[in-house]
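A.B. asks: Each chain, written out:
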Amino acid sequence: MKTRFPMVPFRELLLNRRRVLEETAARGTKIVGYFCTYTPIEVIHACGMLPVRIWGGSGQAEKAYNLVPTFICPYMRLVMEKALGGEFTFLSGIVQGYTCDVACGVVNVWKGNIPGELYHSLPLPYNDSPESRAFLKAGLDETIEKLTAIGGVYSEESLGRSNELYGKIRGMLAALYERRMQGALELCAADLNVVMQAFFTIPPELFLSMLERLTGDLSAAVPGVRTGVPVLVSGGIVEDEGVMTLVEDLGFSVVADDLCTGLRAFIPVSGPDASPMDRLIARTMMRFPCPSRSRPPQRIPLLMDLVRTSGAKGVIFLLQKFCTPHLADHPMVARALRDAGIPSILIEMDGDNGLEGQAVTRLETFAGMLEA
Amino acid sequence: MDTARRSTKRLSTAKELAQVVAAYYLECHQARVEGRPIGWMPPMNGGIEIFYAMGLQPVFPENWSPVCAAFGLTPANFEVSEGMGYSRDLCGYLRNITGYVHGDMNGPSVPLSGLPVPDMIMSFGGGCIPAMKIFHILENRFPEAKVFRADIPQVAVEDIRDHHVDYAVSEMHRFIEFLERTTNRRLDPEKLHEAVALSDEACGLWDEIMSFRRFRPTPISAAEIGIMFVMVTRQGTKTAVDFLTRVRDEVAERAASGIGVIGEEKIRLFWDNIPLWYNMGLFNYFEKAGGVMVAETYSAAWSLRLDTSDPIRALALKSLMSYSLVSCLSIDRRREMVLKACREYGIDGAVFHQNKSCVPITLGQADIRRALADEMGIPSIVIDADHMDSRNFSMAQFQTRADAFMEMLLEKKGA
Numbered sequence: 608m609k610t611r612f613p614m615v616p617f618r619e620l621l622l623n624r625r626r627v628l629e630e631t632a633a634r635g636t637k638i639v640g641y642f643c644t645y646t647p648i649e650v651i652h653a654c655g656m657l658p659v660r661i662w663g664g665s666g667q668a669e670k671a672y673n674l675v676p677t678f679i680c681p682y683m684r685l686v687m688e689k690a691l692g693g694e695f696t697f698l699s700g701i702v703q704g705y706t707c708d709v710a711c712g713v714v715n716v717w718k719g720n721i722p723g724e725l726y727h728s729l730p731l732p733y734n735d736s737p738e739s740r741a742f743l744k745a746g747l748d749e750t751i752e753k754l755t756a757i758g759g760v761y762s763e764e765s766l767g768r769s770n771e772l773y774g775k776i777r778g779m780l781a782a783l784y785e786r787r788m789q790g791a792l793e794l795c796a797a798d799l800n801v802v803m804q805a806f807f808t809i810p811p812e813l814f815l816s817m818l819e820r821l822t823g824d825l826s827a828a829v830p831g832v833r834t835g836v837p838v839l840v841s842g843g844i845v846e847d848e849g850v851m852t853l854v855e856d857l858g859f860s861v862v863a864d865d866l867c868t869g870l871r872a873f874i875p876v877s878g879p880d881a882s883p884m885d886r887l888i889a890r891t892m893m894r895f896p897c898p899s900r901s902r903p904p905q906r907i908p909l910l911m912d913l914v915r916t917s918g919a920k921g922v923i924f925l926l927q928k929f930c931t932p933h934l935a936d937h938p939m940v941a942r943a944l945r946d947a948g949i950p951s952i953l954i955e956m957d958g959d960n961g962l963e964g965q966a967v968t969r970l971e972t973f974a975g976m977l978e979a
Numbered sequence: 169m170d171t172a173r174r175s176t177k178r179l180s181t182a183k184e185l186a187q188v189v190a191a192y193y194l195e196c197h198q199a200r201v202e203g204r205p206i207g208w209m210p211p212m213n214g215g216i217e218i219f220y221a222m223g224l225q226p227v228f229p230e231n232w233s234p235v236c237a238a239f240g241l242t243p244a245n246f247e248v249s250e251g252m253g254y255s256r257d258l259c260g261y262l263r264n265i266t267g268y269v270h271g272d273m274n275g276p277s278v279p280l281s282g283l284p285v286p287d288m289i290m291s292f293g294g295g296c297i298p299a300m301k302i303f304h305i306l307e308n309r310f311p312e313a314k315v316f317r318a319d320i321p322q323v324a325v326e327d328i329r330d331h332h333v334d335y336a337v338s339e340m341h342r343f344i345e346f347l348e349r350t351t352n353r354r355l356d357p358e359k360l361h362e363a364v365a366l367s368d369e370a371c372g373l374w375d376e377i378m379s380f381r382r383f384r385p386t387p388i389s390a391a392e393i394g395i396m397f398v399m400v401t402r403q404g405t406k407t408a409v410d411f412l413t414r415v416r417d418e419v420a421e422r423a424a425s426g427i428g429v430i431g432e433e434k435i436r437l438f439w440d441n442i443p444l445w446y447n448m449g450l451f452n453y454f455e456k457a458g459g460v461m462v463a464e465t466y467s468a469a470w471s472l473r474l475d476t477s478d479p480i481r482a483l484a485l486k487s488l489m490s491y492s493l494v495s496c497l498s499i500d501r502r503r504e505m506v507l508k509a510c511r512e513y514g515i516d517g518a519v520f521h522q523n524k525s526c527v528p529i530t531l532g533q534a535d536i537r538r539a540l541a542d543e544m545g546i547p548s549i550v551i552d553a554d555h556m557d558s559r560n561f562s563m564a565q566f567q568t569r570a571d572a573f574m575e576m577l578l579e580k581k582g583a
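Listed in order, the protein sequences are those of chains A and B. Take any residue in the first sequence, count from 1 to its spot, add 607: that is its number in our numbering. Take any residue in the second sequence, count from 1 to its spot, add 168: that is its number in our numbering.
Where hints are given, some of them may not hold.
Here are some, though not all, of the chain B residues that point toward chain A, as calculated from beta-carbon distances under 10 Å [unchecked claim]:
#1 S249
#2 T266
#3 F310
#4 A313
#5 K314
#6 E339
#7 I344
#8 F346
#9 T350
#10 N352
#11 R353
#12 R354
#13 E358
#14 C496
#15 T530
#16 A539
Please keep in mind that the hints were generated in silico from the structure rather than gathered at the bench. In this text, all values refer to a predicted model and were calculated from it rather than measured experimentally. Quick reminder that beta carbons are idealized off the backbone N, C-alpha and C, glycines included.
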């Protein structure tokens, strides 16, 4: 792995994230874990706590199988494995916006097996109406109530500040992605993956300063000429930057994505001007849709728009094995792409160590097909 | 022994079920002839009582899957859906109904004439993800159908607060408005009250029937669970109440007369998770060694008493609670339910079906098993299978585990 100079702090931080978070917790900051980006991290932060997306990473699951079946996604299996191995002792609890059945179940399994103060699944509305927004507000109020019960201190002003902070970060991430689409970003897909993982893991104030430095360094750089077949990568969680490296080493250039660990985490960057709570609610309702919370016809035009805007010649679906929301939508989405003349390929990630040989061969063939 | 086998039923009322099932599907097809609008909907929600109260015809595609399994149609349906690109890792209900609606839906080889095409689809956000995705697929398959997009909060039973109920109530009102607008029919509050009262009566009867499982020997076993069909498709009708009354009377008589399921009941067993619809005979497997599958978890979701003084709120609560009671939304509550059932029914051992087609019920089983062992000293086994896809079930492996388990239980009990 070649590490470009501006990326060094991000990679170092990821390597040391557990120690950094343990020190943060030791200094008295409560850390609340979450799995999915539909979790309202702004309210956690506004309560004076640090929201951290729990990582599964790589490795083999063993102990986890005493508590969860083998047929759940590798991300959740490995999260459980690490939790049982004591990786997340810095957490005070988990708050999770309901998106998939497995994440919800794992919160409850966690509750029965890993010590903590708070385990909360927040039901999110699927429709957007005045009633559903009122329902979401009540759910967010309940979440705040539970966070304050374990020591959080909340005010509307603090939510306003958290909205601003995360909005600024998301805006800068969106700008990086925009530059990538224009072929004017030196960072490769693996670099961006690392940046995103840092976003999920470290205090946002620290991340913002690192991001500003990175953006400044990149501004001074002459845009490189992109090589490789331009593709869009779509899917759920891709935690292993090595997967992205492999994809680009096979002759692709990732010009856009529709990933949980990518674009879906920061689009839209913010809600419209309103009270802090209404702004947060509006952003939640306007999210770039995840299959777990939308119908294919809602997502397909957005995906096609991304393909056209980015100049991608094809789509690589990189899905976690057993991921029901993505797998259930895939046939309809792939057919719509095919009908529009956009080729795609489905790669399921099941291995604990990146992509397996067969997937590599298929990707090589796909690259050849797109180049022809 | 094959991977597909029907259960052996002892209740004469359970043997009537074939007629009850046939009558329901006949009624579904008659609805088209009689001009009663047909709506496809998920089970376990309050939409069914509203449908019957308005004289509309509810159809449950999820319930069609066990029928397909019983008639051996699933392999052909799987072939269609898998050919379309639906992964074998997806829930068998989803793959089966997807294959069915994209195949020869009402062809001559389809039993009961299949399902009538929907005029309306009640597609929802809520429940489990596969159930939700089934309806997204159906929306796409039947573009002519009017679609109601429902929203039911996914919340644990013990965490339900006023705002969850209020939102569910507002969704019920929106649903009624949709039906009235789409079908040009009005919902008569009296008829809704009547439907809710009948539904509650059916639940009361269901609870009563289940309570006879505490008798030794038990007069009813999990092999008769097919009677649940009326709880899924006939809630809110007199048909369900009449049928369950007959079942209750028969079970009560057997209990009073000391008539059990088998000659000598030595071991009382408990089943967790959905049955193998293509092999209901599994429930009878333990009988050769004196084991009876006295009870199971899946039926609990169909029994929720309804407050008839406020029908809409009662249906909203039912919609909120049904899924939660049998899923990983509420592992604490499920654990309580299993422990309570095992205590009341005097269970000796439990069989946990680790179900590849149902993650929401499978997640949490390890915690429940541990609680059974630690708090009640009840041993259990895990069998790997799938409620729809027989390719994910090995009879030989099951037999090996089940036989060893029974041997251990008999030895423990000194039977």
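A.B. asks: Indicate, hint by hint, whether the structure satisfies it.
C.D. replies: Taking the hints in turn, this is what the structure says about them:
1. S249: Given a least distance of 9 Å, the restraint on B/S249 holds.
2. T266: Check passed: Cβ of B/T266 comes within 9 Å of chain A, closer than 10 Å.
3. F310: Violated, about 14 Å.
4. A313: Given a least distance of 14 Å, the restraint on B/A313 is violated.
5. K314: 16 Å, violated
6. E339: This hint holds: B/E339 lies near chain A, its Cβ roughly 8 Å from the closest one there, short of 10 Å.
7. I344: Violated: closest Cβ of chain A sits about 14 Å from B/I344, beyond 10 Å.
8. F346: Violated. Min distance 12 Å.
9. T350: Because about 17 Å separates B/T350 from the closest Cβ in chain A, which is outside the 10 Å limit, the hint is violated.
10. N352: 24 Å, violated
11. R353: With a minimum Cβ separation of about 24 Å from chain A (threshold 10 Å), the hint on B/R353 is violated.
12. R354: Hint violated; B/R354 Cβ to chain A Cβ min 23 Å, cut 10 Å.
13. E358: 27 Å, violated
14. C496: 3 Å, holds
15. T530: 5 Å, holds
16. A539: With a minimum Cβ separation of about 9 Å from chain A (threshold 10 Å), the hint on B/A539 holds.
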